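Given these sequences and hints, build the entire structure.
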Amino acid sequence: MGEKKFMKGNEAIAEAAVRGGCRFFAGYPITPQNEIPEYLSWRLPEVGGSYVQGESEIASVNMVYGAAAMGTRAMTSSSGPGISLKAEGISYLAAAMLPALIVNISRGGPGLGSIQPAQSDYLQATKALGHGGFHAMVFAPNSAQEAVDIVYDAWEYAERDRNPVLVLMDGCLGNIMEEVELPPMKELKDEDLPEWSLSRRNGRDYQGNITPIYTELILEGLNAAAGEMYKAWEEDDVKVEEFMTEDAEYVVVAYGIASRVAKEAIINLREQGFKVGMIRPITLFPFPKANIKNLDYSRVKGIIDIEMTIPAQMREDIELQVLGRCPVYEYGRSGGVLLDDEGVYEAIYEIVSGGEIDG
Amino acid sequence: MAEYKRSTLIADSPSGYCPGCLHSLATRLVSDVIEELGQGDNSLNVISVGCSALNILYWGGDFLSVAHGRAPAAATGIKRSNPERLVFAYQGDGDLAAIGLSEIMSAANRGENFTVIFANNQTYGMTGGQMAPTTLIGQKTTTTVYGRDPATTGYPMKMCELISTLEAPCYVARFALNSPKGVREARAGIKKAFELQLQGKGFTFVELLTNCPTNWKMTPLQTLDYMNTNTIPYFKPGVYKDTEVDK
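Chains as they are written, first to last, in the working numbering: chain L, 1 to 359; chain A, 1 to 247.
Don't read these hints as lab results, they were simulated from the structure.
A quick note: this is a predicted structure, and the numbers were derived from the prediction, not measured.
Covered stretches of chain L (chain A as the covering partner; in silico rule of three or more C-beta atoms under 8 Å from a C-beta of chain A):
(1) 16-27
(2) 189-201
Okay, the calculated bits of chain A under chain L, using three or more residues with CB under 8 Å as the criterion:
(3) 39-48
(4) 64-71
Here a beta-carbon is modelled for each residue, glycine too, at the ideal position from N, C-alpha and C.
Now the structure itself:
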C-alpha cells in the first residue's frame, strides 16, 4: 500500500512528479497553478533535484529543454496564457525529440481571461501546442488521485516516445483537496540514462548532439515517423472511462471536472428513469474515437458534449465519430463560471425529456 | 615554433562561414582553450540561432542546439542537471542582445555557473544583414538603408557594461579579434572564464568583437580597419568585471 495523504491537486501533482523521477523544474508564477512551483521549490532540493524560478514562461520551458537533453526528468507547469508563451519551447522539445512533462492548470480565456477555472484550452492542447504540426499525448485526469497516477508515469510515455507529454487540468482540480494514495519513489540510476542523452554519466565516451534543425529530407522523414507514432497512440494508448453506456439512449461526453458534475447528473437522471450514460476521455489526444464511433446508433438518440467552456471545443472531435448518425448537443459554462449540479442536470434533462423517451 | 593543427573539437568539414569571417577564429579560440584545459569530452556547446548555428555543422564536441535567444536558459537546465560539465553558450548579437536579452540578463543575475561567448558583429548575418541591437550609429544595414538613426532606433547596446552592473557575474570582458594582440588577449580571457567556471565561481561572459564582410559589404581587410576606426572606439575592449581582482 502506498502512503495516503490529504492533498491539494496541485501539490499532489508535484509530489507525484518527484516520485516519478522528476529532478528538474522551471516555471513562472501564474494562477491557478502556483502550488506546483511552490511545492517543488523546497521538495526538489530534498531529493537532489533542482528548481529554478524562471524569468519568464519562455525561459522556463527552455530550461526544461536543456535539462531534458541531459536525460534528466524535467517538467514545467503553467496556465493558459503561460502555455501560449511556452508554445515555442514545446515545439522545440518535439523537434529535438526531448521528453518532458508540461502541466496546464487551465483558466478562463482567451487572452488574460480570468484566473478562475475553465476548460478553455482543449483546442490548444490537442490541435496545436505550438507551431509546426506536432502532437503531444494529452492526459486529462478528473481527480487528484488520477492526476497522481498519470503524472507518476508521464515520463515513461515521454521517454518511450522521446516527445513531450501534456497533463491538462483546470483550476478546480488543481485546487481541490482530496485523499490521494502516493506511489513509491522511483529509483533512477545514472547507467540507465538514455543513450541519446547528452549526459556522460551513463559512461558514453563518444560525441553526442541534439538539435531541432534538420535538412529537408531528414525532416520530412521525421514528420512521417511522428505521424506513425500518433497512429500507434490511437491503437495502444487511449484511456477512457465508460459509465452506464450499455443501454444508454443519450451519451454525455465530458472530461476532467465536467465529467464529475455530469456523473452526478446522470445518476440523478437514471433514478428518474432516463437512460443516460457517459464516455469520459482520459486521454484527449489520442482521442477515444472508437468508443464514440462504435456506439449503437439504433439505440443512441443523442450525444451531449458538456464542457466548462463556451463554445464547446471537443464537439468537432465528437462529430467526426458520430458522422450525423444522431444529434450532438452541447452545454457549458465559461469565463471562470463553474458548472454546477443543477445547471448540468437541467441541461441534460431538457435534452432527454424533449426526446422520444419523454416520461 | 608552436605546431599549428586542426583542433580535435572542430570536425573535419567546411565551417560554412563566409571568407574572412571572424566567427571561424572565435570558435577556433574556444576549441583551443577547451583542448588546452583537457576538457574536450567534458565540454558542452549550447548553440544558438544565427550564424552561430553554423557550429552544428562542424563542432566536434557534445552540443545542444537551441531556440533563438534561449541559450542561457537551456544552459541553466543543463548545468543545474550536470554541474560537472564545462558548459558554454555561443551567441551572436541579435540572439543575445535582442530576442534573448531577458535570458542573458537573468542567467547572469542568478550567477549561473556557465560561460557565455558573445560574438558581436553588429548585424544579423544569417538573415541577410538587418540592423542588430549593436549596429553602430550611422551604420547601413538592410533595415537602416540610410544608416542607423538613434532618433528611431536608439543606440547600440553595450552588453559588457550592462552585465557588469550585476552583482553575481564573476568575470565580464570584451576583446577585439581584428589584431594579433586582440586575439591573444581574447584567448587568455576565454581561458580565464572557463577556469573560473571549472572552479565553480559563477557566471562568466566574454564578448568578442567580430566582423561581417558579406553584410558590411567590405573586403575582409577593410572590415578590420572599420573595426579599428568605428567599432572599437564605441565598444571599448577591456575587463569590465573580475571579482578575483576587484575584491
